[in-house]
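S.K.: Sequence:
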Amino acid sequence: MGMDTMGIFPGYFAYVNPLYETGTLTEALLTMNQEKSDEYLVQLCAGLKFLHRHKIAHRDVKTDNVLITAKEKRVVIADFGLSEILPTIDTPVSTIKGTHMYISPEQFIQKEFNAFNAGFDQSFGPEPCRQVNLLQSPLRT
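Using our numbering, you'd call the opening residue of the sequence shown number 1 and step up by one each time.
Wrong hints could be hidden among the right ones.
Stated by the list, open to error - In silico lysine-lysine, DSS-like type, Cα no more than 27 Å apart, as pairs:
(1) 36 / 49
(2) 73 / 49
(3) 36 / 71
(4) 36 / 73
(5) 49 / 71
If you're looking for bench data, these hints aren't it; they were derived computationally from the structure.
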């Protein structure tokens, strides 16, 4: 992934990445076959593993936040607005954050959670958990 600009500040970092005109994984899933979907899922998991090795919890993994490069057909994790740098990857995050439809049950009991979201859209389609009470429904599943 190329990066146009990056800055590291006390407690947070900032970056601006290039425009990926190919679009998001959400859009691509509408027309791709299972083999390509599986290939992108493997790439996404490798990206999450890289983040976790560097103690970064993304906190909003969903196919809308995964971009695809045009030439290499590689996935790029985007939108680190809710991410958190942790002392260790096992450190509980400070608060529950993320897109409501994609908040993993593990966040409520402070376990690892990025992996929950990685394959959800690819397996079940967009917005898997529509519930009236978004904060209590994951606790019952």
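S.K.: Does each hint fit the structure? Answer for all of them.
M.R.: Hints, one by one, checked against the model:
1. 36 / 49: Cα-Cα ~20 Å, so holds.
2. 73 / 49: Distance ~19 Å between residue 73 and residue 49 Cα, so the pair holds.
3. 36 / 71: holds (15 Å)
4. 36 / 73: This hinted pair holds, its Cα atoms lying about 10 Å apart.
5. 49 / 71: With Cα atoms ~24 Å apart, residue 49 and residue 71 stay inside 27 Å; holds.
Violated hints for the displayed structure: none, as all numbered hints are satisfied.
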